Amino acid sequence: MAADTPVVVPHESVNDETVKLLRWLVADGQRVSAGEDVAEVEGSKATFNVPSPRPGVVRLLARVGDEVAVGAALCVVSATDAAPQANGQAHAPPPPPPVRPAAPPPVVESRPVAAQPVLAGPGTQRFSKAALELVQQHRLDPELFRGAALVRARDVLARVAPAAPAHRQPDPPPVAVPEPEPARPAGGVPGPANGPFDEVPLSRQKQTENRYLRQGGAHVIPSQVTILVPTAGLRDALAEDPAGLSATALIVFEVGRLLRRYPDLNAFYTSRTSCRYREVNVGFAVAGEYGLKVPVVRGADTKSAGKVAEDVRELLAAYAGNTLLPEHLSGGTFTVSDLSGEGVFALNPLIVRGQAAILGVGAEVRHGGGATFSLTLSFDHQLADGLQASRFLSDLAARLRHHESTLRRPAAVPTCSRCGRTVREVRRLNGHLLQTVDEAGGVVRVCTSCAAGF
Amino acid sequence: MTQPELLARPAPPAPAPLYRQAFLIRAVEERLLQLFGQGKLFGTVHTCIGQEWTGVAAADALLDGDTVFSNHRCHGHYLAWTDDADGLIAELMGRQTGVCAGRGGSQHLCGRGFFSNGIQGGIVPVAAGLALAHKLAGKGGVSAVFIGDGTLGEGAVYESLNVASRWDLPLLVLLENNRYAQSTPQDQTLAGEIPARAEAFGIEASRTGTENPARLLADVARAANGVRADGRPRFVVIDTYRLMAHSKGDDDRDPAEVAEYRERDPLTRFARDYPAEAGEMAAAAAARIDAAVAKADAAPWTTPNEAEPLPTGPVRWSRTEVAGEERAVARLHAAFRHALAADDRVVLIGEDIEGPYGGAFKVTKNLSAEFPGRVRNTPISEAAIVGVGNGLALGGYLPVCEIMFGDFLGLAFDQLLNHAAKFRYMYGGKVNTPLVVRTPMGGRRGYGPTHSQSIEKHFLGIPDTRVLALHARFDPAEVYARLFATIDRPTLVVENKLLYGAKVTHAAPAGFVYEHTDEPFPTTRLRPGADPDVTVLCYGGMLPEAEAAAAALFDEHEVAAEVICPTQLYPFDPRPLLESVGRTGRLVIAEEGPGFAAFGAEAAAVVAERAGRPVRVRRVSPPEAPIPACGPLEKTWLPGAAHIVGGVLEVTADGR
Ligand SMILES: Cc1ncc(C[n+]2csc(CCOP(=O)(O)OP(=O)(O)O)c2C)c(N)n1
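Just so you know, the sequences run in chain order A and W. The opening position of the first sequence corresponds to residue 9 in our numbering, with each subsequent residue numbered one higher. The opening position of the second sequence corresponds to residue 34 in our numbering, with each subsequent residue numbered one higher.
Since the hints were derived computationally from the structure, they do not count as laboratory data. None of the hints are false.
In the SDA-like style, the derived pairs of lysine to any residue whose C-alpha atoms are separated by at most 25 angstroms in a straight line are:
no., chain 1, residue 1, chain 2, residue 2
1, W, K168, W, R145
2, W, K668, A, T26
3, W, K668, W, P627
4, W, K490, W, F446
5, A, K28, W, K536
6, W, K328, W, Q129
7, W, K536, A, E20
8, W, K536, A, V78
9, A, K28, A, A70
10, W, K536, A, D74
11, A, K137, W, A540
12, W, K668, A, E20
13, W, K536, A, N57
14, W, K536, A, T26
15, A, K28, A, A80
16, W, K536, A, R31
17, W, K668, A, C283
18, W, K536, A, T55
19, A, K28, W, G479
20, W, K668, A, Y285
21, W, K536, W, R478
22, W, K490, W, D521
23, W, K490, W, E667
24, A, K311, A, A293
25, A, K28, W, T538
26, W, K281, W, V291
27, W, K490, W, P553
28, A, K28, W, E354
29, A, K315, A, L401
30, W, K668, A, R286
31, A, K28, W, G357
32, W, K73, W, M277
33, W, K536, A, E48
34, W, K668, A, R268
Source: prediction; values computed, not measured.
Start from the sequences and build out the full structure, keeping to the hints where you can.
Below, the structure written as structure tokens:
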């Protein structure tokens, strides 16, 4: 017995994704010949007939008036002989298309709305994903939110923990809600408190930080990879770098170049889509007197190391002067959190909203003959996987180590600590490089022309 | 008023009143040159000294109710047709008493069915359109148009000849062959024979000249009567010579050649043969002109065009219910069917719009059979399509021109910019141009760099025009119904290609509602059911993307976005936008075409100037590059919901 052959909606017009089934030209169970029209359908450009690709007996799958997707089956034709025979006579020719009366412009009824709320009736209410998760987690009745058109996580949390007085007892189990923010799938939402607690409102500064770092509701699936990078003293090498490249600047520079090859780490996730940023704007976390801020080096992939270093210096100066502007802080597509200066071994940085990954840099740890430091990548597992993340980190490590080796070389050439000329350049000017000692006992080299200026 | 003593001598070659007219024209032109020298005129003047008889002959052959189109060298044509020396002189002197209130100046005159425009060739399809209007009106009117021989280089001329012949239009083309175009002698630029050009289109061509006025009068009258008799076009080549410079001080012709023609000039000869009569005619003309100049001198300068003020005051919103769930293409079809049935003035023209095909996007399916003669296929001639539309509009019709793809509008740009958009102003408010040009724009269909563009930005900001962009959340049929009821200016309607297949409904994503302002061409807003955090501005084909973005922004990021979507892009009423950004302080503008100098730039500027608070703005638009045909690439090229989400996350990122 031959298998059923579907009769699919052909791709007649590029403008249509669906067509409307106007009427059947055959009856269910009727026998048709190859090429015989079985249905009349309407696309945006035209109505047309759909023929059967083979002889057989039709079984209808759609109803008149249905919107059927292009490529989907309207009916199937099977070769079975058992099918009832249509009563011998050819079916009547299709009646002429129905004559539709001239449709006047539709009656549109307008009702003025004077700042009246968007009414939420059944089926018109919207829960954010985070809110929905909380509703399920706390087994709440969605009816509780009747009247609210848009329901956020904080609206749900407000129901779970209504305006908590200070020094409350935790029993019956309320939920401590320090900040109405969306749930994180990996246990990010504080569970029931384990004892009495005090409520201390967070500072505005901290709240802003939290909003900024919040992982955009429940949409990130965080994952993490850490590698240890052997080093012969990258920081020491950089400290002697005549170009003044700081560790942060070097990492921002290399990360910027590398992200071009890892576009899914320079992206954000939404609705089953990797939204890859067209620019590479690398933010770096700074924490100090003015709280945590993440100034952004724009176009980091297009700038020279020197230019990146200059940007970083300027942004740090702006932080120190508390003159960072919103445009310094916005538009980041990737973030670096370098806590090496704090002696942190490794960290678990939070992915910034609208980004796919954040790099954490740990401090150099000396052991035995050498030293290592850690590189950690927190990333959105919806966009990348552990293998990709570790490749990114090893590539980055290799590039940093390359710098280490090249940076050491110029440091070996003695230079004037004031004008930066090398011995050779000083000689060419018929000068000499003098070596003296500063107040702290450190070695200082000054060329004769700089010395003459004293 | 033939002088009795004239009869005693050899008969002059044409009736004396016509000589009087010709002398008046020459005297006016000479005085205009003087006034120019005195700094009383502006710009320049193109005089017709030596060519006066062309206008005289046309005016003699045509009847009341006919229409006359002309070009830069139009003073004589106008004077012969109207005898309005006062209005002409005041017009050139920029006075309110001028025939066009002093707004049109030398090249733009309008009165008693006369229209001139200084754009070479562009007026010919307009004349053809008015010929179509005469034909539809069925009162035997003739549309005459003057062109110069240099203008035979313009393509619009041939598009018009083709249409006029194919459609049997009563069009009389009068070609003034003075053998020069500005400074360029004809033999440098003209190939082939002039009459053969018209004959190639099956148009009867004849040749005459101004040297023998009597013959000229007879030849032009024969052609005009022929047009009137059989309704078919005629093409008359009138050999003539301009005795003065092209305009002012730009004459490089051989002085001997000019002198020879001056000898042969009919007015020179008449003055020699009839010195007393000529003297009397010249004196009478001078007296009329003196009086006209004195009156104009005393009249006030023209006033600027009163730009229509945009509405002020608070915005009023309402919800609108759309019955049923029809596709937009069906709504558009219904709108045109209804308009054709309800109003005899509505005429649809365009490429491939007749049945059974019914237009590339099937909007006019079967309408040609139902409304014969009023739904017309045109040749592939975009300039003529819009030009004919312009002529129909001047003739009292409501033309709807379909341009098959928006990308082709460039070919009709001159008709929009220098004709449709200028008529009302430069003709002193005597006419308006109720022209509708509708066209599909936009991508997502893989038609490639020349069939997928959104080029409306090039048509925004032309004063005295309107640009509308339709979408499926406010019934497109309603927009057209209101347009037909109120149209007072050329209107470009942008229909996104995806719109045709979209269901027209007011349904909004859960948690949001659609509302509209109470303007005739409303701004639509998708209002979230919570205080909005951010405003998204878009129009036309971007609304579905913005709608999807608003839903995703709430679901995944808990951001409440309010979408503002104007139907009327120009003139732009910024109140709904300002109201929204006043609440949100954040704005993302999404456009389907490249953003440089586009609608979004204008909206951002308005927000910067008038929002009254700092607003963070991001624009979301495709790269500054041609749109690819390759489907997957086109998808990444065009901004979609995800890009809007990205833009919103940027402006909301720092929690401000
Ligand atoms: C579209 C356009 N191109 C160029 C010009 C500039 N222009 C004005 S008059 C003229 C010469 C026209 O020659 P012709 O058609 O022979 O008329 P004539 O001046 O001889 O009467 C030119 C080039 C114009 N006005 N419009």
